[in-house]
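Protein chains: 2
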Amino acid sequence: MATIKVPAISSMATIKVPATVPSPAEDCDQLRKAFQGWGTNERLIISILAHRTAAQRRAIRATYAEAYGEELLKSLEDEISGDFERAVLLWTLDPADRDAQLANEALRGWDRSNRVLIEIACTRHSSELFDAKRAYHLRYKRSLEEDVAKYTTGDFRKLLIPLVSSYRYEGIEVSRKLAKSDAKMLYEKITEKAYSHEELIWIITTRSKAQLIATINHYKNEYGKSVIKDLKNDRKNEFVAALRAIVRCTCYPQKYLEKIIRLAIKGQTTDANSLTRVVTTRAEVDLKVIEATYYKKNNVPLEQAIKGETSGDHKKMLIALLGYDDA
Amino acid sequence: MATIKVPAISSMATIKVPATVPSPAEDCDQLRKAFQGWGTNERLIISILAHRTAAQRRAIRATYAEAYGEELLKSLEDEISGDFERAVLLWTLDPADRDAQLANEALRGWDRSNRVLIEIACTRHSSELFDAKRAYHLRYKRSLEEDVAKYTTGDFRKLLIPLVSSYRYEGIEVSRKLAKSDAKMLYEKITEKAYSHEELIWIITTRSKAQLIATINHYKNEYGKSVIKDLKNDRKNEFVAALRAIVRCTCYPQKYLEKIIRLAIKGQTTDANSLTRVVTTRAEVDLKVIEATYYKKNNVPLEQAIKGETSGDHKKMLIALLGYDDA
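Listed in order, the protein sequences are those of chains A and B.
Start counting the first sequence at 182; every next residue gets the next number (the numbering used here).
Start counting the second sequence at 182; every next residue gets the next number (the numbering used here).
Bound-form chain A, shown alone (with noise of 0.2 Å):
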């Protein structure tokens, strides 16, 4: 029998999983008696899936299909409903097989002031956007660069198939001449407003995030303003949006998540699906950073905030991801 390889939480993760966890058959016998009876006990769901790291929740769904002969997904479909259903699925998923269904989402809904596909190509480490490509082809039975192409047109096309195609480098080292003359690059084609240029397009799809990092702060010393901020001066052009959002979620992957989930929060009506989904995807890789970002920008507890815009099992849900129950 394989034995499964259980990776480390991250230091930056915030849910909990108990000192002791009961093997995947007890999370199994557990999870189908909160299926049974009159009613589902969505406490019980809670106590167990949203406790468990991606590789227990692998095992759990193993199992489950092993002794139950049903996806374990599909009875949580037939169970609950609404934001708790969409947390508790997208929770549930691997998180390779969970990124390729929202890249797959956001194509099938595509309009070009979605940032979905951006957020995932970019704040993913280069392994695991990879890892999403996989799933994508075991999911869809096509290449995710083929459903871009397919789903998005003109300068758009041009920007994201590089985008989610490209195997950027993770490593540190930089070169600073690079920098320089990237960020000369970088400069001209904003300044001439030739924003789909193919050598700025190349420059922000292609190279590594220290790369990009470092180039930005050339930029800023050698032209005395951010990228980000030059960047803003076409206000309404969804494009100009879309390369901002790839250079902060590239750059600065926390600070952007945190504003994603700072405009779900304060808007009008809470945006659940954007909280939803940053919660379930970061709840494992960062969503500490992300937690304290949110504190030092708008002084309330990030907890707080989710108490005070959802409701129900769902907000219970959240908060058990952001590790404020009981384990």
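No copy labels: a pair is met if it fits in one copy or bridges any two.
As a list, the in silico DSS-like pairs of lysine-lysine whose alpha-carbon atoms are at most 30 Å apart:
#	residue 1	residue 2
1	K361	K401
2	K322	K436
3	K331	K361
4	K255	K488
5	K255	K197
6	K365	K322
7	K477	K197
8	K374	K401
9	K365	K410
None of these hints come from the bench; they were simulated from the model.
Following the hints, complete the assembly by docking chain B onto the known chain A.
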């Protein structure tokens, strides 16, 4: 201790591995003996390395480095030379690392007639190309995409960046509708001689192998001539020749590689580099099919042709990789 996963040898491979393989420590001991004393025992080197799988060679490299505090590849470099050295070094490398090195060599000495990058991007399985890109990160501290952009220009750059970036779907499912519309697009662009049109580039660099084959079959049925033939009208255009190579490499890799070997052998002077590259990169993959294709095309066994064109230890090494010496 981690156990070494030994994949089964492909039935299309030519290398022969003895029924009982010595331990990596024993192999290293023998290799060390081959390097010592007066002269090098080339025969002993071949009798070991040419008869080990990639996983076995990896174990030998690791054991050698640990036992002698020196990389096996370094010792080999010191002991042997010329075409024999090239063959042994390429063969001894991990396939992904070897592809990374070959791609880098092709880029550093870039000229528009160089097809090695295309060979690597298109004849490898998508996951192998990805492994090569990961090896490229480790070896060169930047991405293959970045180096393609650095060393190539113009239309070639527009073609080769997506070619090495795409993670092509490898499944066998094809869409007839897509084959039809892609064939129409290719026909239009080829007829207009708009060879670097983004749609044309996009189709041949992103579609899965099965889908591309369906497209070129549909092209032939619908328009009466093959894509390859239609791409021969501009014989002297290197860019068009590159497009042709991509289609042939992707759809008919063994036929393509047979031709590389044929041309390497047929020229006034033997192209030892190409011959060595194809034999070492395919001996564990599909050289048996390439060999059969060669015989069909030339009525001469490949073994005999290689024996006539090479000499000394280089010849012995290639013949051993073809599976014709006593393992």
